[in-house]
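Asks: Chains D and L, in that order, are what the protein sequence lines are. First residue of the first sequence? That's 1 in the UniProt record's numbering, and the numbers climb one at a time after it. First residue of the second sequence? That's 1 in the UniProt record's numbering, and the numbers climb one at a time after it.
Any given hint could turn out to be false.
Partial chain D-side listing against chain L, Cβ under 10 Å, derived [unchecked claim]: (1) Ala41; (2) Ile45; (3) Glu49; (4) Met51; (5) Arg57; (6) Leu75; (7) Tyr90; (8) Thr93; (9) Tyr173; (10) Ser292; (11) Asp295; (12) Met352; (13) Gly357; (14) Lys360; (15) Thr361; (16) Thr428.
Lysine to aspartate or glutamate pairs mimicking DMTMM-like chemistry, simulated, CA-CA at most 20 Å apart [stated by the list, open to error]: (17) L:Lys39 <-> D:Asp53; (18) L:Lys74 <-> D:Asp78; (19) D:Lys222 <-> D:Asp238; (20) L:Lys381 <-> L:Glu69; (21) D:Lys74 <-> L:Asp53; (22) D:Lys223 <-> D:Asp258; (23) L:Lys74 <-> D:Glu338; (24) D:Lys140 <-> L:Asp53; (25) L:Lys144 <-> D:Asp153; (26) L:Lys39 <-> D:Glu69; (27) L:Lys39 <-> D:Asp424; (28) L:Lys39 <-> D:Glu168; (29) D:Lys146 <-> L:Asp153; (30) D:Lys39 <-> L:Glu71; (31) L:Lys74 <-> D:Asp238; (32) D:Lys179 <-> D:Glu168; (33) D:Lys222 <-> D:Glu370.
Just so you know, these hints were derived from the structure itself, not from any lab. Backbone N, C-alpha and C define an ideal beta-carbon position, used for all residues, glycine too.
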Amino acid sequence: MVLSKMSSQSDVSVHSTFASRYVRESLPRYRMPETSIPKDAAFQIINDELMLDGRPRLNLASFVTTWMEPECDKLIMDSLNKNYVDMDEYPVTTELQNRCVNMIAHLFNAPLGDSEAAVGVGTVGSSEAIMLAGLAFKRKWQNKRKALGLPTDNPNIVTGANVQVCWEKFARYFEVELKEVKLTEGYYVMDPEKAVEMVDENTICVAAILGSTLNGEFEDVKKLNDLLTEKNRATGWDTPIHVDAASGGFIAPFLWPDLEWDFRLPLVKSINVSGHKYGLVYAGVGWAIWRSKDDLPDELIFHINYLGADQPTFTLNFSKGSSQIIAQYYQLIRLGHEGYRNVMENCHENAMFLKEGLEKTGRFEIVSKEIGVPLVAFSLKDNSQHDEFQIAEMLRTYGWIVPAYTMPADAQHITVLRVVIREDFSRTLAERLVLDVSKVLHELDTLPVRLHGKVAVVEGEAAAAAVIAGEGGSGSVNGTFLKKTEIETQREITTYWKNFVANKKKLKNNKNTIC
Amino acid sequence: MALSTAEVETDESVHSTFASRYVRTTLPRFKMAEHSIPKEAAYQIINDELMLDGNPRLNLASFVTTWMEPECDKLIMSSINKNYVDMDEYPVTTELQNRCVNMIARLFNAPLGDSEAAMGVGTVGSSEAIMLAGLAFKRKWQNKRRAAGLPTDSPNIVTGANVQVCWEKFARYFEVELKEVKLREGYYVMDPAKAVEMVDENTICVAAILGSTLNGEFEDVKTLNDLLAEKNKETGWDTPIHVDAASGGFIAPFLYPELEWDFRLPLVKSINVSGHKYGLVYAGIGWVIWRNKEDLPDELIFHINYLGADQPTFTLNFSKGSSQVIAQYYQLIRLGLEGYRHVMENCMENMRVLKEGLEKTGRIEIVSKDVGVPLVAFSLKDNSSHDEFEIADLLRRYGWIVPAYTMPADAQHVTVLRVVIREDFSRTLAERLVNDIQKVLHDLDMLPSKMKAKMEMAGEDADRTLFGSKKTEMETQREVTTLWKKFVMERKNKSSGVC
């Protein structure tokens with residue numbers, strides 16, 4: 001093995017990647033390097049750094065798919081260099097998207113005739129899908145108001161405070177006011193009654209969530225539909241509903257087919273679902289489906305002529321990869337109803353198993369419901385000495401990534417840990433997780449003893465020599481001592497800082513870390 | 001090999017994919033099937049259908065990268081299950097994005113100190129990048145107007161009519177008026193003087209394109225900057241410039257480093273570039289860079305707390321794959337300035353070969369310029385008997401996908417064919433293409449003799465035809481076809497047939 005000291009000529013000068021000059025020198029981080037480096041060196045450098053990323057399959061924070069069958073990986077690899085938007089050049093890929101849209105629309109019971117084409121589009125994720133749906137509602141509402149000669153400068157949307165951050169983005173970027181229904185302790189989703197109350201003439205739609213990010217619960221869309229229908233009759237405003245089924249859209253039809261949440265409810269005009277969550281595809285695909293042509297104003301659609309036929313498109317992104325669309329089609333035909341049902345049942349069982357394991361420790365309260373996304377959200381029954389954030393930190397040392405977060409207003413005092421059960425989270429892993437959680441609890445139990453011990457000692461001393469700081473005088477006033485011990489001050493500062501950071505986290509849209 | 005006719009149980013019942021029942025029965029297209037099918041069958045079915053798609057590398061219509069080194073493919077595949085947005089879980093991937101932003105910002109001469117962090121973000125493509133940049137301009141303009149007590153209900157943006165469809169999308173979805181500077185024959189980009197004329201108090205920015213989609217030309221951003229600076233001095237409106245460098249951003253710095261088009265010009269406040277065009281990465285990555293913090297209103301930014309540090313984010317998409325960001329970083333460090341320069345020089349050289357080959361036929365007029373994106377846009381000198389659309393059709397038979405399209409207003413009568421030279425379009429392929437185009441021209445020359453003969457036959461009743469009262473069937477057919485084609489092309493141009 002020859003150590004190469006020549007200036008970069010081409011790849012031939014590197015005989016061993018790890019002995020090459022490139023892994024000895026500091027790579028420029030903020031400026032492009034002047035010279036090239038051999039491709040093996042480039043690969044190795046990046047590969048090595050990426051080893052320090054978390055392991056996707058142990059990331060229990062995310063709903064997004066982290067494993068697909070090797071056959072599908074092959075299809076993905078082969079289509080990496082296909083730019084999806086070139087419909088003219090890749091007609092089959094375009095056709096596959098259309099088929100997915102139709103299959104998903106039928107899955108959601110869209111009122112379509114046998115050979116009628118569904119109205120929908122593939123997107124990069126639910127964020128894009130929600131923005132498109134919101135845009136459609138906004139434009140429809142504006143047209144309706146303009147026809148009546150009414151002002152259109154104050155559109156708003158009614159959702160629960162448990163809504164995912166992409167709704168806030170939509171509101172901020174498209175200049176729509178977000179009216180949030182506050183949560184209450186024990187009720188962590190949008191209350192249909194309060195939501196309908198908040199609806200006014202400027203409301204472009206009410207957004208319900210099927211599968212709340214916080215605790216996986218399905219909102220009661222049927223009740224919302226019924227209450228809103230009544231109000232519409234009274235007011236004549238004709239306010240529609242959008243269902244954000246990012247997680248739940250691929251769960252409810254298989255586990256709870258009788259649950260009415262989709263187009264079976266007349267006021268539901270559009271639905272979005274993430275193909276990359278329980279659609280079982282890697283990150284990068286979502287779907288937006290509309291009830292019918294009328295719910296998508298034609299002025300928003302761009303018509304492309306390809307192969308002599310009209311291909312309407314309505315997306316924010318233009319060029320993007322084709323791989324995920326093909327992967328979604330693969331899953332839909334590979335699994336079929338039967339397959340998806342099996343996967344969801346497995347996830348549900350593993351979730352129940354994990355839930356029982358946690359309950360058995362006797363220290364946790366389960367916040368998630370049985371009907372919902374297969375996840376387990378739990379909090380400590382007693383979090384005075386240690387809180388959920390500490391558990392999350394310690395679990396990391398075992399390799400697990402389990403997020404802890406506080407509920408939004410008005411339940412900010414509740415902190416939960418959340419484990420998402422994906423297709424690749426087997427029962428073995430569930431058993432292991434329960435074991436590791438028990439270990440963590442045990443470790444945490446040993447910690448406070450040291451801290452409490454010191455405090456007790458200090459209390460004793462203080463009682464024996466209570467002195468008011470800066471002033472002479474007798475000891476404790478009303479049983480409390482006014483001189484803070486060092487430990488106490490430290491503790492106070494730590495708790496204060498923790499609360500400050502947690503508050504900052506909450507105020508600064510911390511919802512992003514929960515998704 | 002046993003033909004399986006048993007009920008579906010599991011994967012074991014399929015001994016040979018092509019002999020399985022699945023490739024004999026019709027697959028449901030509009031509804032999900034009740035049952036699963038074995039994974040080999042699913043793979044084979046989809047793979048077979050996709051054979052009928054075009055070959056990405058012969059797609060000469062697209063600027064988007066169609067080939068990367070196998071080492072990079074390896075990196076892409078191993079990060080395919082990483083959701084980019086989980087910054088907390090994948091800090092290295094996030095760091096790689098930040099490094100790319102900084103490298104690209106400095107490539108564009110952003111006025112940054114040595115260790116100052118650049119303002120920018122990775123996006124899914126230039127469409128998202130443009131929407132973010134446009135949003136920033138809109139919000140800045142609104143804030144400025146509100147502070148002055150002026151109305152904010154009529155924002156507009158000034159661009160050339162050669163602008164790519166994503167600007168029209170931005171205008172339509174974000175409720176901004178698009179004021180287009182019309183083109184004219186021989187001048188297919190935005191005229192800076194006319195653009196500045198169109199600027200009014202409601203203009204949120206002027207968008208210049210570095211690398212027009214139609215003919216690859218670079219717009220004169222410097223002249224635009226100078227004229228706009230003058231106007232700003234008079235009016236006090238402070239109208240900024242955005243440069244859509246989707247194609248040109250990774251070409252100009254390497255081939256024409258003296259060309260001033262980026263942050264060296266003071267009015268340029270943001271630039272977008274497609275990583276998946278000459279950034280040499282597969283489809284799905286773009287970059288938008290702002291000059292500095294002031295150019296991105298803080299109210300648009302969402303702050304995420306991760307690893308105890310503040311990570312500001314400003315994107316439309318949330319969950320997406322990490323592969324392309326990693327691939328972009330790979331290219332930036334693998335190639336470096338030297339490598340990108342070599343690639344661009346090769347593309348230009350191959351472009352020259354193609355251009356000269358076409359000119360030698362004597363039938364073709366070159367519409368693209370020498371300075372610009374490496375592509376060749378050309379039209380027929382005489383398109384009375386056959387037009388460019390027919391050439392495009394016939395080229396398909398040889399396997400090439402070469403698009404033909406008409407220019408937007410006011411040069412709609414000009415039709416061009418466009419061949420984009422990407423990194424993987426070698427000289428051999430260029431020579432082959434010239435060969436095939438000559439064959440096509442030859443083939444077309446044979447055709448009119450049939451048509452002309454028919455017309456001559458019809459022309460025996462010459463007087464009647466000349467006086468225009470009786471049209472032959474062929475003539476009517478031709479007229480209808482040409483009319484329909486023009487109608488469709490016009491409609492096409494309103495959307496995105498050309499990209």
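Asks: Regarding the hint that threonine 428 of chain D lies at the interface with chain L, is the smallest CB-CB distance below 10 Å?
Replies: violated (20 Å)
Asks: Holds or violated: threonine 93 of chain D as interface residue toward chain L, Cβ cutoff 10 Å?
Replies: With a closest approach of 6 Å, the threonine 93 of chain D hint holds.
Asks: Run the distance test for lysine 140 of chain D versus aspartate 53 of chain L: straight-line Cα separation, threshold 20 Å.
Replies: violated (37 Å)
Asks: Under 10 Å is the threshold here; is the Cβ of isoleucine 45 of chain D close enough to any Cβ of chain L for the hint to stand?
Replies: holds (7 Å)
Asks: Going by Cβ atoms only, is threonine 361 of chain D closer than 10 Å to chain L?
Replies: Because about 26 Å separates threonine 361 of chain D from the closest Cβ in chain L, which is outside the 10 Å limit, the hint is violated.
Asks: Go through the hint on tyrosine 90 of chain D and say holds or violated, using the shortest Cβ distance to chain L against 10 Å.
Replies: holds (4 Å)
Asks: Is the hinted pair lysine 39 of chain L and glutamate 168 of chain D satisfied, with a Cα-Cα distance of at most 20 Å?
Replies: Answer violated: lysine 39 of chain L to glutamate 168 of chain D is near 40 Å, above 20 Å.
Asks: Does glycine 357 of chain D meet its interface restraint, that is, does its C-beta lie within less than 10 Å of any C-beta in chain L?
Replies: violated (24 Å)
Asks: Does glutamate 71 of chain L sit within 20 Å of lysine 39 of chain D, going by the straight-line distance between their CA atoms?
Replies: holds (7 Å)
Asks: Can the restraint linking lysine 146 of chain D and aspartate 153 of chain L be considered satisfied, given a maximum Cα separation of 20 Å?
Replies: The hint holds at about 15 Å.
Asks: For the pair we were handed, lysine 39 of chain L and aspartate 53 of chain D, check the Cα-Cα distance against 20 Å.
Replies: violated (31 Å)
Asks: The hint names aspartate 295 of chain D as touching chain L; please verify it with the least Cβ-Cβ distance against 10 Å.
Replies: violated (17 Å)
Hints 10, 11, 12, 13, 14, 15, 16, 17, 20, 23, 24, 28, 31 from the list above are not met by this structure, while the remaining hints are.
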